[in-house]
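**Q** With the hints as your guide, set chain B onto chain A.
Order-wise, the sequence lines are chains A and B. Number 14 in the working numbering belongs to position 14 of the first sequence; there are no gaps in the numbering. Number 83 in the working numbering belongs to position 83 of the second sequence; there are no gaps in the numbering.
Hints are supplied without guarantee of correctness; some may be wrong.
[Said to hold, decoys possible] Label-pair distances were calculated between CB atoms; the ranges are:
1) A:G3 to B:T2: 24 to 32 Å
2) A:N92 to B:D123: 36 to 44 Å
3) B:R27 to A:R84: 31 to 39 Å
4) A:S10 to B:P60: 20 to 28 Å
[Said to hold, decoys possible] Partial list, derived from the structure: chain B residues whose beta carbon lies under 10 Å from chain A:
5) D12
6) S14
7) P15
8) I17
9) V21
10) E23
11) R27
12) S85
13) K107
Derived from the structure by calculation, the hints contain no laboratory data. Backbone N, C-alpha and C define an ideal beta-carbon position, used for all residues, glycine too.
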Amino acid sequence: MEGLRERFMSRFLESARRRLDRAEEAHGAATSDALGLIATEMHGMAGEASLLELGAIGQTARACEEAARRGDRAGVDETLRALRAATAALENGSRHR
Amino acid sequence: MTTPRKSILILDDSPLILEIVREALEREGFDVTLAGDLRDLDRRITGENPNLILIDVNMPEAFGDDVGQVLREVRKLTAPIWLFSNLDDPALEQRAREAGLDGFISKRSGIESFVRRVRQILDGGGPSA
Chain A
1 MEGLRERFMS RFLESARRRL DRAEEAHGAA TSDALGLIAT EMHGMAGEAS
51 LLELGAIGQT ARACEEAARR GDRAGVDETL RALRAATAAL ENGSRHR
Chain B
1 MTTPRKSILI LDDSPLILEI VREALEREGF DVTLAGDLRD LDRRITGENP
51 NLILIDVNMP EAFGDDVGQV LREVRKLTAP IWLFSNLDDP ALEQRAREAG
101 LDGFISKRSG IESFVRRVRQ ILDGGGPSA
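For reference, chain A alone in the conformation it holds in the complex (with noise of 0.2 Å):
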């Protein structure tokens, strides 16, 4: 499995930014179903990451999805900020090779 996740990391990244910006916009809209949607996005998030043996990732999108699974407003916001700073670290870390 060699080189798979170097192979695949760049859509990895753009597929968690788009996921990112969803759940960020739903986050910001408070509307019913918005929790809804943010677990949806971070369940797919923490699907990809564990795919690729990004733990780390993986366990804070699952940490998000769980936070508005029970309606934990400040969990997702803790979470969500978490998750993006790990996507961009890990973008700055692709660029730098």
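**A** Chain B in isolation, oriented as in the chain A frame:
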């Protein structure tokens, strides 16, 4: 005479997940068919006889365990049907069992573990992972 390649049909709403698993499994010598939604699945499963069907659980249109149950009970498919998800193992195990499916593979273990598990299943391996 060459041994026919084993075939796998995978349903998942994440295009990225589908591409990753396709590449990983094709590198291992499997034939892979992908479906991104139920209509796609219906098109790809008609007339096909995959050696293994993997279904994501949380999808926009339906839960994968429900889809698997329909494939088994209504479409009468006999191929092994396994759930493939990022849910935790106890939740996955329960869903697979209650739907009468053959097992589950967790996305949490990463792609190498996933490929190993698929190979075990197709070589006649056990129920869950």
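**Q** So, for every hint listed, does it hold in this structure?
**A** A quick look at each hint next to the structure:
1. Checked against the hint of 24 to 32 Å, the C-beta distance between G3 of chain A and T2 of chain B comes to roughly 27 Å, which is consistent with it.
2. Against the hinted window of 36 to 44 Å, the Cβ-Cβ separation of N92 of chain A and D123 of chain B comes to about 42 Å, which satisfies the hint.
3. Range check, R27 of chain B to R84 of chain A: about 33 Å between beta-carbon atoms, so the 31 to 39 Å window is met.
4. Distance hint for S10 of chain A and P60 of chain B: a CB-CB separation of about 25 Å, consistent with the stated range 20 to 28 Å.
5. Because the beta carbon of D12 of chain B sits about 8 Å from the nearest beta carbon in chain A, less than 10 Å, this interface hint is met.
6. The closest approach between the C-beta of S14 of chain B and any C-beta of chain A is roughly 5 Å, which is under the 10 Å cut-off, so the hint is satisfied.
7. Hint status for P15 of chain B relative to chain A: holds, with the closest Cβ pair at about 8 Å, below 10 Å.
8. Taking 10 Å as the C-beta cut-off, the interface hint given for I17 of chain B holds, the closest approach to chain A being about 6 Å.
9. The beta carbon of V21 of chain B is positioned within 10 Å of a beta carbon in chain A (closest approach about 7 Å), and the interface hint is therefore held.
10. Against a cut-off of 10 Å between C-beta atoms, the interface hint on E23 of chain B holds, since the closest Cβ of chain A lies about 7 Å away.
11. Because the beta carbon of R27 of chain B sits about 8 Å from the nearest beta carbon in chain A, less than 10 Å, this interface hint is met.
12. Interface hint status for S85 of chain B: upheld, as the beta-carbon distance to the closest one in chain A is roughly 7 Å, under 10 Å.
13. This hint holds: K107 of chain B has a C-beta 5 Å from the nearest C-beta of chain A, less than the 10 Å allowed.
Hint violations for this structure: none, all hints satisfied.
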